[in-house]
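S.K.: With our numbering, the residue at position 389 of the sequence shown is 390, and numbering never jumps.
Among the clues, some could well be false.
Said to hold, decoys possible - If you anchor each label on the Cβ, the simulated ranges turn out as follows:
1) Lys407 - Pro361: 30 to 36 Å
2) Arg125 - Ser211: 24 to 30 Å
3) Glu363 - Gln180: 30 to 36 Å
4) Asp135 - Glu257: 23 to 29 Å
5) Gly236 - Asp312: 26 to 32 Å
6) Gly256 - Thr160: 19 to 25 Å
7) Gly387 - Gly256: 50 to 56 Å
8) Ser301 - Ser376: 32 to 38 Å
9) Ser211 - Gly364: 15 to 21 Å
10) Gly347 - Asp408: 26 to 32 Å
11) Lys277 - Glu200: 27 to 33 Å
12) Gln394 - Glu130: 40 to 46 Å
13) Gln390 - Glu200: 45 to 51 Å
Claimed, not checked - Taking lysine-lysine and the DSSO-like style, the derived pairs with C-alpha atoms no more than 27 Å apart in a straight line are:
14) Lys295 - Lys279
15) Lys335 - Lys237
16) Lys250 - Lys228
17) Lys298 - Lys335
18) Lys335 - Lys276
19) Lys298 - Lys238
20) Lys333 - Lys298
Think of the hints as simulated: they come from the structure by calculation, not from any bench. A virtual CB, placed ideally from N, CA and C, is assigned to each residue, including glycine.
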Amino acid sequence: MERKQTKMRRRSHAWLLILAGLFLTALLLLLGVKQILKERTGNPVYREQEAGTEAEEELEAEKEDISRPILQINTEEGADTAGPGGRNPEEQAMDGEASGSRSVKLLFGGDIYLSDHVLNAWQRGGGLEGILDDGFRQEIGQADIFMANQEFPFSNRGTPETDKQFTFRLPEDKVSVLQAIGPDIVALANNHALDYGEEALLDTCRVLDSAGIFHVGAGEDLDAAKKLEVIEAGGKKFGFLAASRVFPKGYWAAGEEHAGMLTAYDSTVLLEEIKKAKEICDFLTVYVHWGIEKSTKPESYQRTLGQQYIDAGADLVIGSHPHVLQGIEYYKGKPIVYSLGNFIFGSSIPKTMLLSVTVPPEGEPSLSMLPGTSSAGYTRTLTDEGERQAFYQYMEEISFDIAVDKDGTVIQTHSP
2 MERKQTKMRR
12 RSHAWLLILA
22 GLFLTALLLL
32 LGVKQILKER
42 TGNPVYREQE
52 AGTEAEEELE
62 AEKEDISRPI
72 LQINTEEGAD
82 TAGPGGRNPE
92 EQAMDGEASG
102 SRSVKLLFGG
112 DIYLSDHVLN
122 AWQRGGGLEG
132 ILDDGFRQEI
142 GQADIFMANQ
152 EFPFSNRGTP
162 ETDKQFTFRL
172 PEDKVSVLQA
182 IGPDIVALAN
192 NHALDYGEEA
202 LLDTCRVLDS
212 AGIFHVGAGE
222 DLDAAKKLEV
232 IEAGGKKFGF
242 LAASRVFPKG
252 YWAAGEEHAG
262 MLTAYDSTVL
272 LEEIKKAKEI
282 CDFLTVYVHW
292 GIEKSTKPES
302 YQRTLGQQYI
312 DAGADLVIGS
322 HPHVLQGIEY
332 YKGKPIVYSL
342 GNFIFGSSIP
352 KTMLLSVTVP
362 PEGEPSLSML
372 PGTSSAGYTR
382 TLTDEGERQA
392 FYQYMEEISF
402 DIAVDKDGTV
412 IQTHSP
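Produce the complete structure using the sequences and hints provided.
M.R.: See below:
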């Protein structure tokens, strides 16, 4: 029994020695680590090396960040790379090109009136998307110069013309809607420019000037009404004139000392201005308000005047007023477009289009159509192939000696 107790006491002493050894070992390890840390953090050389390593890591991170593109553009085939206004990066880069080594795209629309139908559609759709579809917005955005007929004044003043069934006027702040649509220049020579008198016409010119939209055909006096507007693009000078052969009262014609528009009832002044303009411009467009409302056939005087304008030096004649499309005719190899109808107007436009005129560095311009329709103030392109081909066939039928191919390109079918 005594031997057993002695053996157990020896084992207890052994375990105590083992535990004491482990405790001392752990204590020594802790003291060693503490000393190492103290030496490192207290050593200035070590601190500088450590800071240098951190700085190098930060610099590498910055290099990686700088190398990342700020704007990533999907350039895969079929991807939409269009920027603001529908222009892709290559087209935007060409905007500032001063040489004549590229073609210039002119775009023309018919009558624009921001009616209640249009403004309601604008409100419902949250802006431009409510009144124009993507197809038309893209076409306008890709044009170098877009022109249309503004069929109303911007003004908060004036009184409506007496004995006139329809008088139009928009508050001045609605010019933001026209800006969004995107015309670079508008014709003001029409039968609604003076619906609210000379004051409203002068307000219109001022508002358009402030909005950066050029205007032709009307102004504070005859000099302003007949003034040529020149816009440079692709190294060429493009000139624009406008006149009207439709207005209700004789005093709507601009005079030496009163506001109004350039008349086409007597084309003497207009023809002289065309001749002078041709000496300045590489390409001259005359936009004229004429014809009979709702008639798809041009009057004989329209054809006569159109030819006179070209003989005087016009390269292109564009017509408006009938509120419907009229045909196209070539005279001496130059196009006369008798009416582009309504583009953005009232509740319903069964047939409309934008006319694209591409002017190459050398040679004759080419014409193409972008057909559309409008309902409840919303104007859209025709996306159905059958509808487009029917539209082209219709334009062939109401025109003079032209054909329209499957892509909407206008082809002259007889030599001048």
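S.K.: Hints first: check each against the structure and report whether it holds.
M.R.: Hints, verified against the model:
1. Lys407 - Pro361: 30 to 36 Å: Because 22 Å falls outside the window, the suggested range is violated.
2. Arg125 - Ser211: 24 to 30 Å: For Arg125 and Ser211 the Cβ distance comes to about 28 Å; the hint holds.
3. Glu363 - Gln180: 30 to 36 Å: 34 Å, holds
4. Asp135 - Glu257: 23 to 29 Å: With Cβ atoms ~47 Å apart, the hint is violated.
5. Gly236 - Asp312: 26 to 32 Å: Since Gly236 and Asp312 have Cβ atoms about 27 Å apart, the given range 26 to 32 Å holds.
6. Gly256 - Thr160: 19 to 25 Å: For Gly256 and Thr160 the Cβ distance comes to about 20 Å; the hint holds.
7. Gly387 - Gly256: 50 to 56 Å: 52 Å, holds
8. Ser301 - Ser376: 32 to 38 Å: 34 Å, holds
9. Ser211 - Gly364: 15 to 21 Å: The hinted range 15 to 21 Å is violated for Ser211 and Gly364, with Cβ atoms some 39 Å apart.
10. Gly347 - Asp408: 26 to 32 Å: 30 Å, holds
11. Lys277 - Glu200: 27 to 33 Å: 30 Å, holds
12. Gln394 - Glu130: 40 to 46 Å: 31 Å, violated
13. Gln390 - Glu200: 45 to 51 Å: 48 Å, holds
14. Lys295 - Lys279: 33 Å, violated
15. Lys335 - Lys237: 18 Å, holds
16. Lys250 - Lys228: 22 Å, holds
17. Lys298 - Lys335: 19 Å, holds
18. Lys335 - Lys276: OK: Lys335 and Lys276 at ~16 Å, within 27 Å.
19. Lys298 - Lys238: With a Cα-Cα distance of about 33 Å, the restraint between Lys298 and Lys238 is violated, given a limit of 27 Å.
20. Lys333 - Lys298: Judged against 27 Å, a Cα distance of about 21 Å means the pair holds.
Hint compliance for this structure: hints 1, 4, 9, 12, 14 and 19 are not met, and every other hint is.
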